[in-house]
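From just these sequences and the hints, can you work out the full model?
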Amino acid sequence: MTVPKRIGKIRFGLISPQEYRKMSVVKIITADTYDDDGFPIEMGLMDPRLGVIDPGLRCRTCGGRPGECPGHFGHIDLIAPVIHVGFAKLIRKVLRGICRDCSRLMLLDKEKKMFLEQINTLVDLGQPTDDVVNKVFSEARKHKVCPYCGGPQKEIKFERPLAYVEDGHKLTPSDIRDRFEKIPDDDIMVMGMNPETARPEWIILTVLPVPPVTMRPSITLESGQRSEDDLTHKLVDIIRINQRFQENREAGAPQLIIEDLWELLQYHVTTFLDNTVSGVPPARHRSGRPLKTLSQRLKGKEGRFRGSLSGKRVNFSARTVISPDPNLSINEVGVPMNVAMELTVPVIVNSRNMEHLRKFVNRGPDKHPGANYVTRVDGRRVKVTDKNCGEVGEQLEVGWKVDRQLTDGDVVLFNRQPSLHRMSIMAHRVKVMPYKTFRLNPAVCPPYNADFDGDEMNLHVPQTEEARAEAEILMRVQENILSPRFGGPIIGGIHDYVTGSFLLTHGERRISRRSLMEVLKKFDISDLPEPAGEENGVPYWTGKQMFSQVLPKGLDLTFKADFCMNCPECKGENCENDAYVVIRDGQLLKGTIDAKAVGAFKGKITDRVIKEYDPTTASRFLDEMTRLALRGIMLAGFSFGIDDEDIPKPAADQIKDVTHTATDNVQKLIEAYNAGELEPLPGRTLDETLEMRIMQTLGKARDSAGSIAGRYLGLDNSGVVMAVSGARGSMLNLSQMAACVGQQSVRGERIRRGYAGRTLPHFKRGDLGAEAHGFVESSYKGGLSPIEFFFHAIGGREGLVDTAIRTSQSGYLQRRLVNALQDLEVNYDGTVRETRGIIVQFKYGEDGVDASRRDYASPEHVHRIIQKVLKEES
Amino acid sequence: MKKFAVQDHELVPSHVILSPEEVDVVLKEYGVEARQLPKIHINDPVAKEIEAKVGDVIKIIRLSPTAKKSVFYRLVID
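Listed in order, the protein sequences are those of chains R and G.
Okay, so the first sequence: first residue is 322 according to my numbering, each after it adds one.
Okay, so the second sequence: first residue is 729 according to my numbering, each after it adds one.
Simulated from the structure, these hints should not be mistaken for lab results.
When the alpha-carbon atoms are kept at most 30 Å apart in a straight line, the in silico DSBU-like pairs for lysine-lysine are as follows:
| no. | chain 1 | residue 1 | chain 2 | residue 2 |
| --- | --- | --- | --- | --- |
| 1 | R | Lys503 | R | Lys463 |
| 2 | R | Lys1164 | G | Lys787 |
| 3 | G | Lys797 | G | Lys787 |
| 4 | R | Lys431 | R | Lys478 |
| 5 | G | Lys796 | R | Lys1164 |
| 6 | R | Lys1164 | G | Lys767 |
| 7 | R | Lys326 | G | Lys767 |
In C-alpha cells, the structure reads:
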C-alpha cells in the first residue's frame, strides 16, 4: 500500500513567463493539427510531445501510451502582450494606484509601513486581506501628484470589457506591462501580493500555455472525419492571428492594421479563457453554438468541480417512476422485468454453485433470470448472447465470474433525492415484477418523502459481498424504522392505512365469519379466536379481535389515541370515545387504532414492538398491519365526495349568523376606535390594539363557524373520519370547505397592501372593516366572491413564496453542513475523528447515546421496565 | 477588591492541567499522539488563569444533562 502523504501547504500565485516556458515541452508555431495520413504534425497543436490520444502511438515526451501519458503543456509565444480577462479589475486597481512615471505605489512611506503591518497580521491569522488591500488602492488613488517623483497623475478610465483609457489615449497591454515591471518589490507587498510568486506584470500574457492534447481530444466521426475539441478550435484561431500579426508587423503595416490585429488577438485569448465575458461577443462554432472554453469547463453545476469531482455517475443503477403496492413487504422493492434483465450481480463460480450458475448462463440474456456476461480466469470478458449461451455454459469453470441478472431476494439500495437524511437511501430486497415502475409499500414513503404523483427513484446494485453485507445489516428498511432524529418510528401507516385501522377498530364493529375469512385469508393464522358473541344465533367477531391477530404475542401497552378529546377528567378504560387504547398480551381490548398507534412519525405500537421485540417482528407487524388495514377499509367501504362537504340548512344559517355578528362586532370596534373610546392594550398603540381585537373577533368567528359545522358532521362523514384518525387533513380544512374560510393574512397581519389607503377600489379609503381587509366569509364549497377570491390568492401566494425560499435556504445550509462534516467518522471506541485522526469529540455527541435506541429516556419508561419484571416474576 | 476569575462563573467548566503521567495514560487510552487532540489557545482566558504552558494537556469536565459529566482533553498551543 502506498503511504498517504500529507499536504503541508498550498500556495496560490501567478505563473511567470519563464515558468511557462520551462514547463512547456514544445513551442507551437503552426495551426495545423494532423497531416493527410492522419498523423499529428510536429510543432502543431497535436504535436506528439504534448501527449497522445491515438491508439498505437507513443508520447514523445514520456514514452507513455494513451491512457498512461498524462499529457504535457506546450506554449505559444504571443507577438504582442495581451490582458488576462480574469484580472481586468485588478489591473484597473493597480494602474490607478501607481505613478504613471515612476511606477511607485502612491502612498507615503509611513502609510505603506502601516498597511504592510496590517496585511502581515491578517496573513498570520489566516484571514482574508481583501479589505486592507482595497483600502491601500483607494488611498493611493487619492494622490493627484506622485509623492516620489512629483509627476502629475491622470485619470484612468476603465472601458468594459478590456480597455484602459488615460487622458483620451488607450493604454496598450505593452504600456501597462512596462509600468507594472517597474513597480518595486516592496510596493508589491503593500498591494497584498508576494513578488516572488505573483508579480503584477505576469497578469499581462506574453506566453500562452497550450494545454495537453489529453484534455482536448479530437473525435473521429463515423464518416472518418475528425472533429476537434472546442479548445483546439480556439487555439487555432489564436495561432492564425498571431502569425498574421507577425507578418504584418514585419512588413511594416500601418499602425491602424496593427492595432486591429492586436485587438483581434486580445479577443481570441479572452474567449479562450472565458467565453462569457460581458461585452465580448462569445466565440461560436461553425454551427452557431457558443464554444465551451476553459472557464466554462470549470464553472457551474456541470463544471469540473460540481459535476465531475463532487458528483459522479455510476454503473449498475436504474431510475424510473415509482408506484404503490401494498402487498409488498416494507423490505421489498418491485423491480420491472426490463430493469432486472439489465442489472447484474457478479458471482464467482465455485464447485458448489457451478450447476446453479450454469443454468443462468444457459438461459442467456433474453430469458430472465439469465446472465449477461462471463469473465474467464484470464480476465477475458465474454458477452453472453442468445447464440453462444449454451456453449459458454458448458465451458464454465471454477474461478470464472458470471454477471447474473437481478432476481428475487437480491439486496439493492433504493434512493430518492434530495437525500437529506440517511433514510433517503435504504436497502430493499428485490421482487421482480411486470410493467415499468418501481413498486414500494406506501408505508416507506415517509422516510423517502415520496408520493406517486410522478416521483422517480434510483436503484443501485451492490457488487461485492462486503457491500451487500453492509447494506443488509445497516441499511435494510427494517433497521431504519426508528429515526435518529427523534427516536421514534418514521415508517408507519399513512392515509388509508390509518383510516382502515380506524374503521376496523373503532367501537365494536361486528364482523361475520365470512367477512372475517375474507379479510384474514392472506394471513398465516391457524387458529381463529373465539367469537366475541352471537347475534340471532350467528357468531360474530369484532374488529378489535381482528387487529389483535397482527399484534405480537405478549405486547402490553396503554396510551391515549390521537383523537383523544383531552376531557377534563379522563375516564381511562371507560372512555366514551373509545380513545383509550389498552393492549394486554397482544390483544387489543379497548380503544381505537389511529395515527397515534400505527402512523408514521407517531406509531406508539410500532415503537413498542421494535423496542421490545426486534426489527424483524416490527417489519412483519407493519406488513401485516398494512395488509389488514387495507382489507379493513375495503370491508367498510370508503369514499369522499363533494356532498360530504354539505351541511344542513340550520347549520348554514347559524354560520351565516356567526359571521355576520362578527363583522358587525368589527364595525362596532371601529366605531369605538373612531370615537376614541377604545382602551389600548398594555404595550400597544391604539392602532395595534384595534387590529388585534379585530383579528381576535374574526378568528373566533371562524372557529365557531367550524365548530357549528363540526357538530353536524359526525363520524359518518368520511372527511371527519380522516381528520379525526389523523390519516389526512384536519377539522380546520373541513370547516374551511364546509363553513367559512376565514381571515386571509400576509405576514400574520390582515391584508393591507394595494392602493393608497385601501386594498381595492371597491372600498372607501381608510375602511377598516372585515371585508375590506381580506376576511373570507364564504366556504370553499359555497364559493368565494371575486373580492374574497382575490384576497385568498394574496394569502396563498405568500405561502408559495415562503416554501420556495425556505427550500433554497435550507438546501444551502444542508450543503454547507455536509461539506464541513462529511469526513467525520465515529470510531469503534466511540470517539469522533476526522481524516487525520484528530479527535473532534471524545464520545459521540458528548454522551455516546444513539437517539434511536434510547427510548426517550424518561422516568416513565423505568416504571414500565419495573412493572414488566415484577409481573413476570409473580 | 477580589480579582475577577473566569472559572468562578457557573457556565465555565472546570479546567485541570494534567501531569505528564496522566497525559500518557490519556494518549494511550485513545491511541493518539498529542497533536491529534483538540486544541486550546494559550491566550484562552481559562488557560491563562490556570497558567497552562504550551504543550500541556488540559482536562475539561463539562456538565451535561444527558451524560452528567463529559470529559474533554485539549492540547495547549500558541
